[in-house]
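J.: Protein chains in written order, with this note's numbering: chain A, 207 to 490; chain B, 95 to 721.
Some hints could be false.
Claimed, not checked - Lysine to any residue pairs mimicking SDA-like chemistry, simulated, CA-CA at most 25 Å apart:
hint : chain 1 : residue 1 : chain 2 : residue 2
1    : A       : Lys259    : B       : Gly664
2    : B       : Lys119    : B       : Glu580
3    : A       : Lys255    : B       : Lys657
4    : A       : Lys259    : B       : Tyr652
5    : B       : Lys585    : B       : Ser246
6    : A       : Lys348    : B       : Tyr621
7    : B       : Lys301    : B       : Phe174
8    : B       : Lys687    : A       : Glu464
9    : B       : Lys181    : B       : Val107
10   : B       : Lys657    : A       : Leu398
11   : B       : Lys250    : B       : Ala122
12   : B       : Lys654    : A       : Arg409
13   : B       : Lys510    : B       : Asp243
14   : B       : Lys699    : A       : Lys208
15   : A       : Lys208    : B       : Gln629
16   : A       : Lys400    : B       : Ala677
17   : B       : Lys181    : B       : Gly171
18   : B       : Lys693    : A       : Trp471
19   : B       : Lys585    : B       : Asp243
20   : B       : Lys657    : A       : Ser267
21   : B       : Lys657    : A       : Met257
22   : A       : Lys348    : B       : Thr626
23   : B       : Lys698    : A       : Ile472
24   : A       : Lys348    : B       : Met618
25   : A       : Lys400    : B       : Lys301
26   : A       : Lys348    : B       : Gln629
27   : A       : Lys400    : A       : Pro244
28   : B       : Lys687    : A       : Lys348
29   : B       : Lys160    : B       : Val209
Hints listed in this document are in silico derivations from the structure and should not be mistaken for laboratory results.
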Amino acid sequence: MKIFLMIIAYIIFAPILGAVLSGLDRRVTARMQGRVGPPILQPLYDVLKLMQKDSLVVRRSQNFYIAFFLMFIIFTGALFFSGKDLLLVIFALTLAEIFFVLGGYKASSPYSIIGSQRAMIQMMAYEPIVILAAVGMYMVTKSFYITDIISYNKPLCYYLPGLLFAFIYILTMKFSKSPFDLAYSHHAHQELVKGMTTEFSGRSLAMIEVAHWYENILLLGFVWLFFANNILIGVALTLLVYFFTILVDNTFARVKWEMALLSTWIVGLVFGVGNIIVLFFVKR
Amino acid sequence: MYLLSFLILFPLVTAFILLFLKNDKVRAIAITSAAVILSAGSIALLIINFHREAQYFSLEVPYIDKAIFFIETLLAGYIFYMGWKYKKYIISGLILAQFLITAVFETRYRHNIMVDHVLFVDKFSIIMTLIIGVIGSLICVYAIGYMKDYHSQHNKALKDNRRFFSFLMFVFLSAMFGIVFSNNLLWLYFFWEITTLSSFLLIGYNKTQEASNNAFKALEFNLLGGLAFLIGIIYLYRFYGVVELDKAVYLGKLGALVPVALISFAGLTKSAQMPFSSWLLGAMVAPTPVSALLHSSTMVKAGVYVILRFASVLQGSMLGFIIALIGGSTFLITSLIAISQNDAKKALAYSTIANLGLIVLCAGVGTYEAMWAAMLLIIFHAVTKCLLFLCVGAIEHRIHSRDIEDMSGLIISMPKISIMMQIGMVGMFLAPFGMLISKWAVLKALVDFNPLLAVFVIFGSSATLFFWVKWLGKIITVVNTEQDLEEGMSKIETIPLFILAFLTVGLCGLFPFVSTALIQPYVMEIYGTTLTMSQGNIVIMSIMLAMVMLFPLSFINYGKRVKVVDAYLGGANIETGTRFRGASGSIKNMAMKNYYMEKYFGEKKLYRFGILFCFIFMVFMFMVLVK
Numbered sequence: 207m208k209i210f211l212m213i214i215a216y217i218i219f220a221p222i223l224g225a226v227l228s229g230l231d232r233r234v235t236a237r238m239q240g241r242v243g244p245p246i247l248q249p250l251y252d253v254l255k256l257m258q259k260d261s262l263v264v265r266r267s268q269n270f271y272i273a274f275f276l277m278f279i280i281f282t283g284a285l286f287f288s289g290k291d292l293l294l295v296i297f298a299l300t301l302a303e304i305f306f307v308l309g310g311y312k313a314s315s316p317y318s319i320i321g322s323q324r325a326m327i328q329m330m331a332y333e334p335i336v337i338l339a340a341v342g343m344y345m346v347t348k349s350f351y352i353t354d355i356i357s358y359n360k361p362l363c364y365y366l367p368g369l370l371f372a373f374i375y376i377l378t379m380k381f382s383k384s385p386f387d388l389a390y391s392h393h394a395h396q397e398l399v400k401g402m403t404t405e406f407s408g409r410s411l412a413m414i415e416v417a418h419w420y421e422n423i424l425l426l427g428f429v430w431l432f433f434a435n436n437i438l439i440g441v442a443l444t445l446l447v448y449f450f451t452i453l454v455d456n457t458f459a460r461v462k463w464e465m466a467l468l469s470t471w472i473v474g475l476v477f478g479v480g481n482i483i484v485l486f487f488v489k490r
Numbered sequence: 095m096y097l098l099s100f101l102i103l104f105p106l107v108t109a110f111i112l113l114f115l116k117n118d119k120v121r122a123i124a125i126t127s128a129a130v131i132l133s134a135g136s137i138a139l140l141i142i143n144f145h146r147e148a149q150y151f152s153l154e155v156p157y158i159d160k161a162i163f164f165i166e167t168l169l170a171g172y173i174f175y176m177g178w179k180y181k182k183y184i185i186s187g188l189i190l191a192q193f194l195i196t197a198v199f200e201t202r203y204r205h206n207i208m209v210d211h212v213l214f215v216d217k218f219s220i221i222m223t224l225i226i227g228v229i230g231s232l233i234c235v236y237a238i239g240y241m242k243d244y245h246s247q248h249n250k251a252l253k254d255n256r257r258f259f260s261f262l263m264f265v266f267l268s269a270m271f272g273i274v275f276s277n278n279l280l281w282l283y284f285f286w287e288i289t290t291l292s293s294f295l296l297i298g299y300n301k302t303q304e305a306s307n308n309a310f311k312a313l314e315f316n317l318l319g320g321l322a323f324l325i326g327i328i329y330l331y332r333f334y335g336v337v338e339l340d341k342a343v344y345l346g347k348l349g350a351l352v353p354v355a356l357i358s359f360a361g362l363t364k365s366a367q368m369p370f371s372s373w374l375l376g377a378m379v380a381p382t383p384v385s386a387l388l389h390s391s392t393m394v395k396a397g398v399y400v401i402l403r404f405a406s407v408l409q410g411s412m413l414g415f416i417i418a419l420i421g422g423s424t425f426l427i428t429s430l431i432a433i434s435q436n437d438a439k440k441a442l443a444y445s446t447i448a449n450l451g452l453i454v455l456c457a458g459v460g461t462y463e464a465m466w467a468a469m470l471l472i473i474f475h476a477v478t479k480c481l482l483f484l485c486v487g488a489i490e491h492r493i494h495s496r497d498i499e500d501m502s503g504l505i506i507s508m509p510k511i512s513i514m515m516q517i518g519m520v521g522m523f524l525a526p527f528g529m530l531i532s533k534w535a536v537l538k539a540l541v542d543f544n545p546l547l548a549v550f551v552i553f554g555s556s557a558t559l560f561f562w563v564k565w566l567g568k569i570i571t572v573v574n575t576e577q578d579l580e581e582g583m584s585k586i587e588t589i590p591l592f593i594l595a596f597l598t599v600g601l602c603g604l605f606p607f608v609s610t611a612l613i614q615p616y617v618m619e620i621y622g623t624t625l626t627m628s629q630g631n632i633v634i635m636s637i638m639l640a641m642v643m644l645f646p647l648s649f650i651n652y653g654k655r656v657k658v659v660d661a662y663l664g665g666a667n668i669e670t671g672t673r674f675r676g677a678s679g680s681i682k683n684m685a686m687k688n689y690y691m692e693k694y695f696g697e698k699k700l701y702r703f704g705i706l707f708c709f710i711f712m713v714f715m716f717m718v719l720v721k
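Build out the structure end to end from the sequences listed, making use of the hints.
T.: What follows is the structure in structure tokens.
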């Protein structure tokens with residue numbers, strides 16, 4: 207019953223929370239740039255407006271992929287917040303994102319295809335760190351189940367500092383923020399027009415936005431796992447991490463894909479695998 | 095017992111009958127009915143032994159060992175002659191060495207050898223039987239249509255030798271059954287050498303210079319493995335007095351690791367692990383059914399099969415750890431190289447080597463969890479990869495290219511084949527399909543054993559993710575309005591594809607059944623303990639599978655409530671929507687290419703790395719034994 211409530215709560219509140227966070231993001235960013243910025247609920251207004259617009263497509267089936275992207279993101283979040291197997295959550299998230307990428311391919315536009323490929327390069331870059339993080343948590347708590355992970359009596363960041371660092375490193379990729387906003391981004395001066403989302407409009411674009419709200423909450427949930435033994439401190443630290451990614455977004459320029467891939471793998475190998483190795487020998 | 099002999103002998107008899115059937119239609123009927131009988135026989139074996147434990151059989155047939163030796167002599171003579179004729183003296187040398195060893199062994203020790211059980215069957219053999227019997231038969235049926243086109247349209251200059259081709263395919267099937275049922279290692283070795291020889295002849299089928307060179311390369315590596323296998327048997331006999339598989343495993347547990355290492359070495363060559371991988375890549379010149387049958391779903395699996403038989407011996411040993419390292423490195427490096435490949439068959443070959451590496455990794459680890467994962471990999475990989483190979487074969491015959499870049503718009507020009515291909519592709523890397531379940535199992539097994547080995551799998555898997563998605567994306571992208579290329583495809587070619595696609599999806603749904611009925615009993619038998627995926631996760635996977643299956647339903651909405659426009663090309667679109675006015679007013683065609691990242695994942699550079707690493711590991715492997 208409790209699980210059921212968690213799932214319902216996630217489905218209802220995650221997009222609201224995601225929209226508010228996204229609004230805060232825009233506000234904070236504006237302040238950093240010396241502007242006033244839009245109202246906090248602006249992202250929500252944008253989406254409501256998009257819902258009323260015509261849906262323009264290049265290929266008639268391109269929007270189906272987006273619908274499945276949204277559906278699987280919600281599914282993944284439901285798995286996560288009902289405390290299921292962390293690896294399964296990661297695989298489900300990958301499945302969801304691949305629907306998005308395939309949508310970009312299906313649109314058959316040069317900009318969206320390059321965007322999709324860059325998204326795949328990023329996925330190839332960050333996927334190892336996400337799985338390593340899950341492995342690290344397993345090594346500490348002896349379980350892949352999120353319910354067991356959060357009930358561990360010490361904060362996991364105490365054992366997994368390297369993995370926490372690596373995870374924060376890839377967070378800008380997941381949030382598609384600078385310096386890793388190669389695939390598409392909210393900034394108007396994007397080199398690929400708008401990358402993966404170039405050919406999506408109206409309801410589909412709204413769906414992509416909503417999916418990202420869900421996804422962001424899910425990812426922040428993942429960050430929270432590192433501090434989960436105390437809920438309040440955990441939430442505070444998670445928000446701090448979120449603020450940090452906004453700060454990074456505003457201070458770094460976009461990098462090339464080579465840099466994104468190689469640097470992430472190096473971070474993954476040094477901090478991620480390094481952490482695992484230390485843990486392996488200490489915990490034995 | 096009779097069923098085992100039947101499964102070995104029936105394809106052999108069929109092979110010889112096929113050799114005399116000149117009429118194409120008659121031969122097609124013969125092949126199809128033989129395929130049906132073989133599949134039925136394999137399934138019957140499953141049903142009969144469903145509740146039984148492993149069974150061992152002794153067999154008294156006079157002169158059978160002499161007959162085997164006689165055939166071995168003939169084959170050795172033939173290979174020696176071929177090596178001599180084409181100036182491949184290494185091959186002649188290897189086969190001469192093998193022959194001399196066998197001959198001495200035969201004359202001096204043969205009458206002393208006591209073999210209690212020559213044949214056996216357990217759940218692992220049954221899994222292999224189903225793969226050989228069902229998938230192998232499907233490929234043989236597919237080959238009828240494929241080889242017809244192969245000769246009539248694509249290789250007109252080549253002499254039509256299809257009778258010999260189907261002969262070899264069925265001889266091969268017979269030998270494969272022999273491998274999985276033999277408990278007598280001398281028999282296993284005999285069947286092993288027959289698969290090597292049929293692989294050699296089938297790779298060289300095309301008669302071109304390239305085909306002939308690659309065939310010899312394959313022969314060379316496999317003979318090297320065969321020699322190691324033989325020495326392993328002789329060693330086992332000289333020092334322990336046995337030549338049986340079950341006894342070798344038992345002795346291995348007591349510390350007799352030398353024969354285990356030698357036989358595992360043979361397994362590594364057969365399953366094309368680095369540093370021996372090049373022969374499998376070269377083998378892609380063979381007609382596609384051959385690549386599907388020998389070089390992805392069955393023969394290369396014989397290599398991992400023998401290593402897996404010794405998995406419980408390798409568990410926790412240094413030897414096992416090194417074998418795991420070889421498998422892990424092979425998986426990682428070939429997965430990375432696959433990114434840079436734009437030749438469809440070669441990309442599939444790299445992916446095959448990678449997955450075999452994963453199985454070898456599991457075998458080297460050898461825990462019960464790893465064993466469970468390895469079994470899953472064998473089953474799912476055989477079905478899925480076979481489907482992919484056959485799809486690529488069909489596509490190649492229609493678009494006259496196997497360049498992945500030429501495959502854009504397949505979803506329009508060849509809808510049926512491309513949908514089956516997509517099923518195969520997602521089956522290879524995406525949740526909730528088979529290969530991902532297997533990789534998940536591998537990951538869990540490794541994390542419990544030694545998380546450092548998991549690093550290979552984690553990085554390698556992310557590379558495979560990239561490589562499959564960009565290929566998958568290519569197929570669904572549409573550039574021009576393409577014409578229908580699927581017309582005139584024969585039923586005999588498409589039906590096996592349908593069945594395989596159905597199996598790929600169906601096996602995921604049936605996964606809990608496959609695990610409890612086949613894999614767990616075997617793991618239980620060997621280790622006394624077993625594992626299963628938790629009920630909750632199975633439910634979640636099933637929900638995911640159901641959700642993914644809903645995807646085709648969204649086509650009810652096809653074209654509704656949308657306005658179709660041309661893609662944005664950064665300028666004024668002209669005429670068709672695939673041309674635009676570029677800078678200085680010139681008219682340009684739109685072009686879209688995938689990333690191959692030659693600079694980072696180029697074959698030449700990485701391949702050398704892989705060979706070097708794995709060669710060093712291999713040296714270690716034998717140093718550990720000598721110490």
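J.: Taking the hints in turn, state whether each one holds.
T.: We went through each hint and held it up to the structure:
1. For the hint linking Lys259(A) to Gly664(B), the alpha-carbon distance of about 22 Å falls within 25 Å, and the restraint holds.
2. Note on Lys119(B) and Glu580(B): the hinted pairing holds, with a Cα-Cα distance of about 23 Å set against a maximum of 25 Å.
3. In summary, the hint linking Lys255(A) to Lys657(B) is supported, as the alpha carbons are separated by about 18 Å, within the 25 Å threshold.
4. Between the alpha carbons of Lys259(A) and Tyr652(B) the distance comes to roughly 19 Å, so the proposed pair stays at or under 25 Å and holds.
5. Of the supplied pair hints, the one linking Lys585(B) and Ser246(B) holds, its CA atoms being roughly 17 Å apart against a limit of 25 Å.
6. Between Lys348(A) and Tyr621(B) the alpha-carbon distance is near 22 Å, which keeps this suggested pair within the 25 Å criterion.
7. In summary, the hint linking Lys301(B) to Phe174(B) is supported, as the alpha carbons are separated by about 19 Å, within the 25 Å threshold.
8. Simply put, Lys687(B) and Glu464(A) have alpha-carbon atoms about 18 Å apart, close enough for the 25 Å limit, and the pair holds.
9. With a CA separation close to 34 Å, the supplied pair Lys181(B) and Val107(B) exceeds the 25 Å bound.
10. The hinted pair formed by Lys657(B) and Leu398(A) meets the criterion: a straight-line CA distance of about 23 Å does not exceed 25 Å.
11. About 21 Å separates the Cα atoms of Lys250(B) and Ala122(B), which keeps this hinted pair within 25 Å; it holds.
12. Our distance criterion of 25 Å between C-alpha atoms is met by Lys654(B) and Arg409(A), whose separation comes to about 13 Å.
13. Note on Lys510(B) and Asp243(B): the hinted pairing holds, with a Cα-Cα distance of about 19 Å set against a maximum of 25 Å.
14. A C-alpha spacing of about 54 Å is found between Lys699(B) and Lys208(A), which places the hinted pair above 25 Å, so the restraint is violated.
15. A distance of roughly 19 Å separates the Cα atoms of Lys208(A) and Gln629(B); the hinted pair therefore holds under the 25 Å criterion.
16. For the given pair, Lys400(A) sits about 21 Å from Ala677(B) by alpha-carbon distance, which is consistent with the 25 Å threshold.
17. Straight-line distance between C-alpha atoms of Lys181(B) and Gly171(B) comes to about 15 Å, which keeps the hinted pair within the 25 Å bound.
18. Among the hinted pairs, Lys693(B) with Trp471(A) is consistent with the structure: their alpha-carbon atoms are about 16 Å apart, no more than 25 Å.
19. Taken as a hint, the Lys585(B) and Asp243(B) pair is honoured in the structure, with Cα atoms around 13 Å apart against an allowance of 25 Å.
20. Pair hint Lys657(B) plus Ser267(A) holds up; C-alpha atoms about 12 Å apart against a cutoff of 25 Å.
21. Using a Cα cut-off of 25 Å, the hinted pair Lys657(B) and Met257(A) holds, with the two alpha carbons roughly 15 Å apart.
22. Distance hint between Lys348(A) and Thr626(B) is fulfilled; the C-alpha atoms sit about 17 Å from each other, no more than 25 Å.
23. Our distance criterion of 25 Å between C-alpha atoms is met by Lys698(B) and Ile472(A), whose separation comes to about 22 Å.
24. Restraint check for Lys348(A) and Met618(B): satisfied, since their Cα atoms lie roughly 24 Å apart, inside the 25 Å limit.
25. With a C-alpha separation of about 52 Å, the suggested pairing of Lys400(A) with Lys301(B) is violated against the 25 Å cut-off.
26. Restraint check: the Cα-Cα separation between Lys348(A) and Gln629(B) comes to about 19 Å, which is no more than 25 Å; the hinted pair holds.
27. Straight-line distance between C-alpha atoms of Lys400(A) and Pro244(A) comes to about 21 Å, which keeps the hinted pair within the 25 Å bound.
28. For the given pair, Lys687(B) sits about 45 Å from Lys348(A) by alpha-carbon distance, which is inconsistent with the 25 Å threshold.
29. Our distance criterion of 25 Å between C-alpha atoms is met by Lys160(B) and Val209(B), whose separation comes to about 15 Å.
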